[in-house]
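J.: One letter stands for each residue in the lines below.
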Amino acid sequence: MPDDEHDAYLEERFPKLRHGLYRVKSPRDPRYNCFAFAANDTQHIWDYTGPGRLGGYFWPDAVQGDSLADFIRVYELLGFQLCASAELEPEVVKLAIYVNRDSAPSHVARQTRRGTWKSKLGMRGKDIEHASLDLLAGDEQDEYGRVAVILKKRRYETEDRED
Amino acid sequence: MVASQLEVIMSQVQQLPASEQAQIAERVLALLECAAPPPLRQAFAVAERPVDELHFRRLAEQWRRETEHVSSLKQACLHPAYQRIIGLGPAVVPALLRELEHTPDHWFWALKAITDEDPAQAEDSFEGARRAWLQWGRTKGYL
Chain S
1 MPDDEHDAYL EERFPKLRHG LYRVKSPRDP RYNCFAFAAN DTQHIWDYTG
51 PGRLGGYFWP DAVQGDSLAD FIRVYELLGF QLCASAELEP EVVKLAIYVN
101 RDSAPSHVAR QTRRGTWKSK LGMRGKDIEH ASLDLLAGDE QDEYGRVAVI
151 LKKRRYETED RED
Chain U
164 MVASQLEVIM SQVQQLPASE QAQIAERVLA LLECAAPPPL RQAFAVAERP
214 VDELHFRRLA EQWRRETEHV SSLKQACLHP AYQRIIGLGP AVVPALLREL
264 EHTPDHWFWA LKAITDEDPA QAEDSFEGAR RAWLQWGRTK GYL
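Residue numbers (the working numbering), protein chains in the order written: chain S, 1 to 163; chain U, 164 to 306.
Treat each hint with caution, since some may be false.
To be verified - Chain S stretches covered by chain U per the calculated footprint, using a threshold of three residues with CB under 8 angstroms from any CB of chain U:
| hint | region |
| --- | --- |
| 1 | 33-45 |
| 2 | 62-74 |
| 3 | 78-90 |
| 4 | 145-159 |
Stated by the list, open to error - Okay, the calculated bits of chain U under chain S, using three or more residues with CB under 8 angstroms as the criterion:
| hint | region |
| --- | --- |
| 5 | 216-225 |
| 6 | 253-264 |
To be verified - Here are a few chain S residues that face chain U, going by a calculated C-beta distance under 10 angstroms:
| hint | residue |
| --- | --- |
| 7 | 14 |
| 8 | 28 |
| 9 | 48 |
| 10 | 121 |
Everything labelled a hint here was simulated from the structure, so no lab data went into it.
We treat Cβ as the ideally placed atom computed from N, Cα and C, and that holds for glycine.
Isolated chain S, as found in the complex (with noise of 0.2 angstroms):
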């Protein structure tokens, strides 16, 4: 992976970067978060918005809540389960839900074809492509806690193809 795109304050903000292999891969913007990201939408965000609804956001009707099994149950919808490894396997894709220190899901980034990973930050922040997942893991700053689960599932031959 070139790491020719570095960028000052995402590395004040995600420490571990300074010293990692990362690339930038878009500018900021709001229109999507990592939730969708991780399913390849980059249409929507995906947040639970409580029983009400708020107007501007996705969330599956089968799913009511936010809590890291509920992570789970969403993309389990779209065929992910859940997997003991990090490890790129061929055709398989993987995601990485990071949990805060109240273990609530704070980030889930995805793995690409060539095993690296691919995060939106936030919900307006950048894409970046980072060489493993400890660089947004931590407590520092930005930093999005511990990866508490790995999910996985077939890739298709059309996902993915930009990677």
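Following the hints, position chain U against chain S.
T.: Then chain U, alone, in the frame of chain S:
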């Protein structure tokens, strides 16, 4: 006829400093009673307690800076700066809508909390919700 004259006056009043707007709006409201259509009365009611634009912008900038990489809407909207913006009440609605128009961001939560309306409820995309709220703002006379 009266309503159109009031609209002209309102547009002129909006060019004045906030403190003068408040004084004039207070007098006009007393005169208006029920003579003006609801959107116009609402516009004057908002001008009655003008929000400090600079204060709002500082809070908005703080919120953006400190939640840029937060993925959860709930977590972002519970940020103290965002809650203080909601606390500014109906007077901040025009500023929120202008912000949504020129620097799109996640103001839907605040707008719904303040107005108790959600013209974007049928929308599941950011752009769809943004369009719905801006249309709502124009209909109400806020934009």
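J.: Against the earlier hints, flag every one the structure doesn't satisfy and list their numbers going up.
T.: Violated hints: 2, 3, 4, 5 and 6; rest satisfied.
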